[in-house]
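Colleague: For reference, the chains in residue letters:
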Amino acid sequence: MDNDYELIKKFQNGDDEAYNELIRRHLSNTIGFFYNITSDRMEAEDLAQDVFFKMHKYLKNFKYDSKFSTYLYRANMNTANSWYKRNKWRKFLHLDQTVEKGEIDHLLEDSWTRKELWVAVGKLPNKQRTIVMLRIAEELPYKKISEITGISIGSAKVNFHHALKKLKQVLEND
Amino acid sequence: MIDFDKKIKNTRITLREEIDTENFVQGVNDRIIKSEKNRMSTYATFILLFFLTVLTFTDFKNIGIDTKFFTNKENESFQDTYWSLGSDSIRIDSSYIDEITYFIVEEGDLWGTLDFFNEIKINKESES
Numbered sequence: 001m002d003n004d005y006e007l008i009k010k011f012q013n014g015d016d017e018a019y020n021e022l023i024r025r026h027l028s029n030t031i032g033f034f035y036n037i038t039s040d041r042m043e044a045e046d047l048a049q050d051v052f053f054k055m056h057k058y059l060k061n062f063k064y065d066s067k068f069s070t071y072l073y074r075a076n077m078n079t080a081n082s083w084y085k086r087n088k089w090r091k092f093l094h095l096d097q098t099v100e101k102g103e104i105d106h107l108l109e110d111s112w113t114r115k116e117l118w119v120a121v122g123k124l125p126n127k128q129r130t131i132v133m134l135r136i137a138e139e140l141p142y143k144k145i146s147e148i149t150g151i152s153i154g155s156a157k158v159n160f161h162h163a164l165k166k167l168k169q170v171l172e173n174d
Numbered sequence: 001m002i003d004f005d006k007k008i009k010n011t012r013i014t015l016r017e018e019i020d021t022e023n024f025v026q027g028v029n030d031r032i033i034k035s036e037k038n039r040m041s042t043y044a045t046f047i048l049l050f051f052l053t054v055l056t057f058t059d060f061k062n063i064g065i066d067t068k069f070f071t072n073k074e075n076e077s078f079q080d081t082y083w084s085l086g087s088d089s090i091r092i093d094s095s096y097i098d099e100i101t102y103f104i105v106e107e108g109d110l111w112g113t114l115d116f117f118n119e120i121k122i123n124k125e126s127e128s
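For the record, the sequence lines run as chains A and Z.
Letter by letter, the first sequence follows residues 1 to 174 in my numbering.
Letter by letter, the second sequence follows residues 1 to 128 in my numbering.
Source of the hints: derived by calculation from the structure; they are not laboratory data.
Treat each hint with caution, since some may be false.
As the list claims (entries may be wrong) - Pairs of lysine to any residue residues, derived as SDA-like cross-links and limited to a Cα-Cα distance of at most 25 Å, are as follows:
#1 A:9 with Z:25
#2 A:60 with A:70
#3 Z:9 with A:160
Unchecked claim - DEER-style ranges, computed between Cβ atoms:
#4 Z:15 with A:61: 30 to 36 Å
#5 A:12 with Z:6: 39 to 45 Å
#6 A:69 with Z:10: 21 to 27 Å
As the list claims (entries may be wrong) - Far from chain Z by the CB rule (all over 10 Å, computed), these chain A residues:
#7 3
#8 8
#9 62
#10 63
#11 66
#12 67
#13 81
#14 83
#15 86
#16 89
#17 119
#18 124
#19 143
#20 154
Beta carbons: idealized from backbone N, C-alpha and C, even for Gly.
Given only the sequences and the hints, what does the whole structure look like? Please build it.
Modeller: In structure tokens form, the structure reads like this:
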């Protein structure tokens with residue numbers, strides 16, 4: 001079975017089926033990541049499709065200087081950050097409907113819902129938001145987070161700590 | 001803070017439903033093909049617009065056809081062609097008289113030449 005690099009090489013040589021194989025391999029993780037953030041299956045699939053659609057263009061210039069998974073995490077992060085920005089405008093223009101509390105929310109928390117948590121995450125500064133997403137939605141270790149974001153492990157820890165503090169303030173004071 | 005951290009981590013959910021991978025892959029491929037088609041038609045439109053613009057501008061431009069191409073240079077020796085009708089060369093251009101004199105003499109028409117001289121003389125007398 002080909003590893004990711006071999007599939008990318010095949011794709012760069014014009015084999016589109018190799019790209020389809022890459023999608024199959026990483027699809028559930030990608031959709032899972034977006035599902036955690038959006039709490040909406042359809043939205044998660046749309047965002048995952050955005051990622052793989054854009055990646056089809058950029059993967060042709062892949063330099064093999066990092067793992068494909070790291071590359072994919074970065075693409076996921078950028079797409080999630082764009083989604084948050086888009087949502088801000090949607091809220092500003094009142095295009096979205098009122099937040100519905102999903103069934104699963106009642107099972108997990110008493111004082112705040114998962115959806116409220118991710119709305120609060122969206123209000124964090126860019127760097128903190130990115131680290132929280134990778135830490136919570138992907139459950140990644142700090143080492144991997146530092147690799148993806150390009151910041152030091154210590155800085156990632158400090159940013160995560162500050163982010164938690166802010167989230168606690170926002171969620172538990174409401 | 002540790003409790004809050006745990007609480008947040010507990011919110012992590014996993015997709016329970018099956019993902020229709022093949023349908024998803026097909027969706028991505030369809031989108032790629034559609035975008036490629038859109039890109040090609042955009043390029044084609046730009047190329048078409050470019051050519052239309054070029055053709056439009058070149059149509060109005062003076063393409064520099066030499067009007068002398070349509071004239072017979074041999075007929076211009078006495079400046080009595082269509083192109084020089086605007087001026088009365090007999091009165092204002094003495095070279096005309098010289099040229100026609102040489103012509104008549106070279107042709108050997110002596111009486112014609114004398115008539116011509118006579119005509120010039122009468123013209124001069126009538127002018128004065």
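Colleague: Could you run down the list of hints and mark each one as holding or not?
Modeller: Status of each hint after checking the structure:
no.	hint	verdict
1	A:9 with Z:25	holds (19 Å)
2	A:60 with A:70	holds (16 Å)
3	Z:9 with A:160	holds (13 Å)
4	Z:15 with A:61: 30 to 36 Å	holds (31 Å)
5	A:12 with Z:6: 39 to 45 Å	holds (44 Å)
6	A:69 with Z:10: 21 to 27 Å	holds (25 Å)
7	3	holds (19 Å)
8	8	holds (16 Å)
9	62	holds (17 Å)
10	63	holds (22 Å)
11	66	holds (23 Å)
12	67	holds (21 Å)
13	81	holds (19 Å)
14	83	holds (17 Å)
15	86	holds (18 Å)
16	89	holds (23 Å)
17	119	holds (13 Å)
18	124	holds (13 Å)
19	143	holds (18 Å)
20	154	holds (18 Å)
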